[in-house]
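S.K.: Put together the whole structure using the sequences plus the hints.
These are the residues of each chain, in order.
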Amino acid sequence: MEPSTSTQVNKTKTTQQSKLSRFLMSKKVAPYIFVTPFIVSFLLLFLYPMIQAIIMSFQQVLPGQVTFIGMQNYERLLNPEFYRALLNTSIYVVFTVLILVAFPVVLAVFLNSKLLKFRNLFRASLFVPALTSVIVAGVIFRMMFGESETAVINEMLGFFGISPVDWRYGSVSGMFLMVMLASWRWIGVNILYFLAGLQNVSEELYEAADIDGANAFQKFFSVTLPSLKPVIIFVSTITIINGFRMFEESFVFWQNNSPGNIGLTVVGYIYQEGISQNDMGFGAAIGVVLMIIIFVVSILQLKFVGAFKED
Amino acid sequence: MKKLLSLLLIPGLILSACGGGGGSEGAGGAESEDTSVIGPDSEDATELTFWTFNEQHIGVYEPAVKRWNEKNPDRKIQLTAEVFPIEQMNNNLRLALQSGEGAPDIADIEVSHFGSFLEGEVQFEPMNKHVEPVLSDMVKGRFDLYSKDGNYYGMPYHVGATVMYYNKEIMKKAGVDIDSIKTWDDYVAAGKKVTKNTDAMMTTIETTDQFTFWPLIAQQGSDYFNDNGEVILDNQTNVQTLQFMNDLIYKHEIAEIAPGGDHHAEQYYGYMNDGGAASVMMPMWYMGRFIDYMKDLEGKIQIKPLPRWEEGGSRTAGMGGTGTVVTNQTENPELVKEFLAEAKLTKEGNIDLWTELGFDPPMHAVWDDPKMRESNQYYEYFHDGIFDMLLELNEEVGSLNITPETSDVTNEINTNVLNSAIRQQSSTPKEALEQAAESVRSGMSE
Chain A
1 MEPSTSTQVN KTKTTQQSKL SRFLMSKKVA PYIFVTPFIV SFLLLFLYPM IQAIIMSFQQ
61 VLPGQVTFIG MQNYERLLNP EFYRALLNTS IYVVFTVLIL VAFPVVLAVF LNSKLLKFRN
121 LFRASLFVPA LTSVIVAGVI FRMMFGESET AVINEMLGFF GISPVDWRYG SVSGMFLMVM
181 LASWRWIGVN ILYFLAGLQN VSEELYEAAD IDGANAFQKF FSVTLPSLKP VIIFVSTITI
241 INGFRMFEES FVFWQNNSPG NIGLTVVGYI YQEGISQNDM GFGAAIGVVL MIIIFVVSIL
301 QLKFVGAFKE D
Chain B
1 MKKLLSLLLI PGLILSACGG GGGSEGAGGA ESEDTSVIGP DSEDATELTF WTFNEQHIGV
61 YEPAVKRWNE KNPDRKIQLT AEVFPIEQMN NNLRLALQSG EGAPDIADIE VSHFGSFLEG
121 EVQFEPMNKH VEPVLSDMVK GRFDLYSKDG NYYGMPYHVG ATVMYYNKEI MKKAGVDIDS
181 IKTWDDYVAA GKKVTKNTDA MMTTIETTDQ FTFWPLIAQQ GSDYFNDNGE VILDNQTNVQ
241 TLQFMNDLIY KHEIAEIAPG GDHHAEQYYG YMNDGGAASV MMPMWYMGRF IDYMKDLEGK
301 IQIKPLPRWE EGGSRTAGMG GTGTVVTNQT ENPELVKEFL AEAKLTKEGN IDLWTELGFD
361 PPMHAVWDDP KMRESNQYYE YFHDGIFDML LELNEEVGSL NITPETSDVT NEINTNVLNS
421 AIRQQSSTPK EALEQAAESV RSGMSE
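Listed in order, the protein sequences are those of chains A and B. With the UniProt record's numbering applied, the first sequence covers 1 to 311. With the UniProt record's numbering applied, the second sequence covers 1 to 446.
It is worth saying that the hints were derived from the structure and are not from the lab. There may be inaccurate statements among the hints.
[Stated by the list, open to error] Some, not all, of what chain A presents toward chain B, calculated at C-beta under 10 Å:
{"no.": "1", "residue": "Leu62"}
{"no.": "2", "residue": "Pro80"}
{"no.": "3", "residue": "Gly146"}
{"no.": "4", "residue": "Glu147"}
{"no.": "5", "residue": "Pro164"}
{"no.": "6", "residue": "Arg168"}
{"no.": "7", "residue": "Asp279"}
[To be verified] Derived DEER-like restraints, expressed as beta-carbon distance ranges:
{"no.": "8", "chain 1": "B", "residue 1": "Lys66", "chain 2": "A", "residue 2": "Tyr74", "range": "53 to 63 Å"}
{"no.": "9", "chain 1": "B", "residue 1": "Gly102", "chain 2": "A", "residue 2": "Val296", "range": "33 to 43 Å"}
{"no.": "10", "chain 1": "A", "residue 1": "Leu44", "chain 2": "B", "residue 2": "Ser399", "range": "42 to 52 Å"}
{"no.": "11", "chain 1": "A", "residue 1": "Gln65", "chain 2": "B", "residue 2": "Pro85", "range": "51 to 61 Å"}
{"no.": "12", "chain 1": "A", "residue 1": "Tyr74", "chain 2": "B", "residue 2": "Ile178", "range": "54 to 64 Å"}
{"no.": "13", "chain 1": "B", "residue 1": "Gly102", "chain 2": "A", "residue 2": "Ile33", "range": "27 to 37 Å"}
{"no.": "14", "chain 1": "A", "residue 1": "Gly306", "chain 2": "B", "residue 2": "Ile86", "range": "32 to 42 Å"}
{"no.": "15", "chain 1": "A", "residue 1": "Ile135", "chain 2": "B", "residue 2": "Glu434", "range": "28 to 38 Å"}
{"no.": "16", "chain 1": "B", "residue 1": "Lys182", "chain 2": "A", "residue 2": "Ile293", "range": "55 to 65 Å"}
{"no.": "17", "chain 1": "A", "residue 1": "Val40", "chain 2": "B", "residue 2": "Glu101", "range": "44 to 54 Å"}
{"no.": "18", "chain 1": "A", "residue 1": "Ile51", "chain 2": "B", "residue 2": "Glu101", "range": "44 to 54 Å"}
{"no.": "19", "chain 1": "A", "residue 1": "Asn79", "chain 2": "B", "residue 2": "Pro40", "range": "46 to 56 Å"}
In this text the structure is predicted, and so the values were computed from the model without any measurement. Cβ coordinates follow ideal geometry from the N, Cα and C atoms, glycine included.
M.R.: Here it is in C-alpha cells:
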C-alpha cells in the first residue's frame with residue numbers, strides 16, 4: 001500500500017509543479033513576471049517614499065511629535081531664500097543645457113571625422129572626467145580656484161595682468177564654477193551619446209548632399225543635426241532633470257552655506273532646511289514643489305521639441 | 001571602431017545609472033573619519049559608542065574609562081569613539097533620533113545646534129540625578145545652556161572664555177607693549193603701529209563663522225536673543241559692533257578677512273603660522289589648534305584678556321561649547337549616565353579637561369587644585385600663568401541665550417550678514433542685521 005500512496009503524492013506534486021510552471025510560462029503571465037522586479041522596486045523605493053513625502057509636507061515633524069499643520073509649510077515657501085535657490089538652479093539648468101548639448105555635438109562630429117588624427121586618444125581623454133567623483137574633482141577645482149594670488153588660476157590670470165579673483169565669493173564667478181565643474185564632468189558622457197547617434201546617420205544622405213554641392217556647414221545643419229534630433233532630445237531632457245537635482249557641485253564648493261547664498265540650489269535648500277535645520281516637513285514641501293517643477297518643465301520641453309508626435 | 005565605442009559605452013551607462021544615487025557621496029554616508037577604541041577588549045565589558053566632531057575631545061574619556069573600570073570591576077565598559085565632520089555628525093544624529101534607530105550611547109552636540117535638538121520630545125536622558133548633587137561646585141550657566149524644563153541634558157566641557165592671542169615677535173618688532181593694550185581704542189592704535197612697522201596685519205576677521213562677531217557683542221552683554229527668546233540681533237550694540245569690525249578692515253586698515261573665511265580654515269592656519277597677523281581673538285579652547293596646526297609659533301604666543309570696551313567692562317565672553325548627552329536609544333541608560341558623570345562631573349574628570357584638552361573646566365571646585373598648575377603641553381607651548389589668568393576672567397564670563405532658532409541665526413550670520421556687511425560691503429551693518437533678524441523672526445512666528 002505504502003509505496004503506491006507515495007507515488008501518488010509524487011504524481012500530484014509533479015502535476016502541480018507542471019501546472020505552476022505552465023502558468024508561469026504562459027504568454028499572458030510571463031511578461032508580468034519579468035517586470036515584477038521593476039514594479040516592486042518602483043513601489044517600494046519610489047512611490048511609497050513619494051506619498052510619504054507628500055504627507056510629510058503637511059506636517060511639522062519633530063522627534064515624538066508629529067502634527068498636521070495644513071498648508072503652513074507651503075506658505076513659508078514664499079520667501080526670498082527659496083526664490084534665490086530657484087533662480088540659481090534655473091540659471092544653472094539653462095547654462096548646463098546649452099553647454100552640454102552644443103559642445104558635445106560639435107566635438108562628436110569632429111571625433112567621428114576620419115580626417116582627425118589620434119581620434120581614440122581624444123575620445124578617451126574627453127571621457128576620463130566622467131570616471132571621477134564630483135566631490136573629488138570639486139575639491140581640486142576649489143583649490144585651483146582659490147582666492148589667494150598663488151592659486152593656480154589666479155596665477156595664470158596674473159600673467160595677463162589680471163588681478164586675482166575671489167572666485168568663491170561672487171555670484172557670477174560662483175555660478176561659473178558650478179557650471180564649469182558640471183560641464184567638465186559630463187561632456188564626455190554626452191559626446192558618447194552623440195557619437196552613438198552619429199553611427200546611425202546614413203552615408204547616403206551625405207552622398208546626396210555632396211551631389212547637391214553642399215558645403216561642410218550645410219551638411220552639418222541640414223543632415224547631421226536633424227538626424228541627431230532624438231539624441232538631442234534625450235540628452236537635453238536628462239541634463240534638465242539632473243540640473244534641477246543638482247547638489248554636489250554646490251556642496252563641494254561651499255558645503256551648506258555659501259556667501260550670500262550664491263550657491264544655494266533647490267536640493268541644497270531641502271538639505272539645509274529639512275536636515276540641517278531639523279524641519280523635515282518644510283524640506284518635504286520644497287521637495288514636492290521641486291518634483292512638480294521638474295515634471296512641468298520636462299513635459300513642456302518634450303512637447304516643445306515634438307517628442308510626443310508620432311514620426 | 002564600433003567595438004571600441006561599445007566598450008566605451010559600458011562605463012558610461014553604469015555611471016549614468018549611478019547618477020541618481022550620487023547625492024549621498026559628500027553628505028550622507030554614515031562612515032566616520034576616525035575611530036578609536038578605549039578600554040579592555042574583554043567579553044564582560046559593555047560596549048558603548050560615542051560620537052564627536054572634535055578628535056581632541058576623546059582625550060578626556062581615555063582616563064575616564066580607565067578610572068571607571070578600576071572602580072567598577074564588575075561593570076567594565078569599552079568605549080568606541082567615532083569622529084565625524086560636524087555637519088555630518090549632526091545630520092546623522094538627527095536622523096537617528098528622528099527614526100528611533102542607530103543613535104550612539106553618548107554624543108557631543110555643539111552649543112549653537114543644541115537648541116534645535118531639544119525641539120519636540122527630548123530624545124536624551126536627563127542627568128539631574130548626577131548633576132544636582134554637584135551643581136553648587138559648578139559654573140551653573142554652562143549647565144543651563146543644555147537644559148530644558150529643569151532637566152539637565154548636556155554635560156559641558158569648558159567655560160570657554162574668549163581671549164586674545166598675541167604674536168610676541170611681531171608686537172615687539174612693531175614696538176608695542178602688549179600689556180599696555182587695555183581698551184579697544186588702544187588695540188586699534190597698536191594695530192596701526194603693527195601695520196606701519198611690520199608686514200603683518202594686526203588681526204583677522206571671520207566672515208564664514210561667528211567667532212569674531214559673537215564674542216564681541218557678548219563681551220558687551222548683548223546676544224542674538226534676549227532672556228525671553230526674542231530676537232535682538234539687530235539692536236544698537238550689535239550694529240555698532242559690526243560697524244567696528246568693518247572699520248578695522250576698511251577705515252583703520254589694521255585687519256583683513258581671515259584667509260579661507262574663518263579661523264578653522266587650512267589656509268588660515270598656514271597664514272597665521274607664517275606670521276600673517278599679530279593677533280587673533282578666539283576662545284581658550286583654540287589653544288589646541290595652535291599646538292596641532294601652528295607649530296612654528298611655539299613659545300611666541302602671549303595669551304591676554306580681551307581689550308575692554310569701556311572702563312570696568314568685561315574682558316572676555318563665554319564662547320562656543322559642547323554638551324555631551326546620553327541618548328534614549330542606549331540599552332544601559334543607568335550605566336551610561338553613571339559613566340558620563342564619572343567623566344564630566346568628578347574632580348578627576350575636570351582636572352583632565354585642563355591637563356588633556358587645555359579647557360577651562362566648569363567645576364570651580366578644582367580651580368585651586370595644584371594639578372592645574374603642573375606643567376603640561378599647554379604651558380610648554382604658551383607660557384606660565386595661563387590658568388591663573390583664566391580664573392580671573394571666569395567671573396566675567398556671561399551666559400548666552402540659546403534657543404531652537406540659534407542655528408537659524410548662525411546660518412544667517414555666516415551666510416548673509418558677514419558676507420554682505422564685511423566682505424562685499426553691499427549693505428550697511430544695520431541693513432544686514434535687520435534683514436537677518438527679520439528672516440529669523442518670520443521663521444519663528446508659527
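S.K.: Taking the earlier hints as the rules, which of them does this structure contradict?
M.R.: Of the numbered hints given earlier, those the structure breaks are 5, 11, 14, 17 and 18, listed in rising order.
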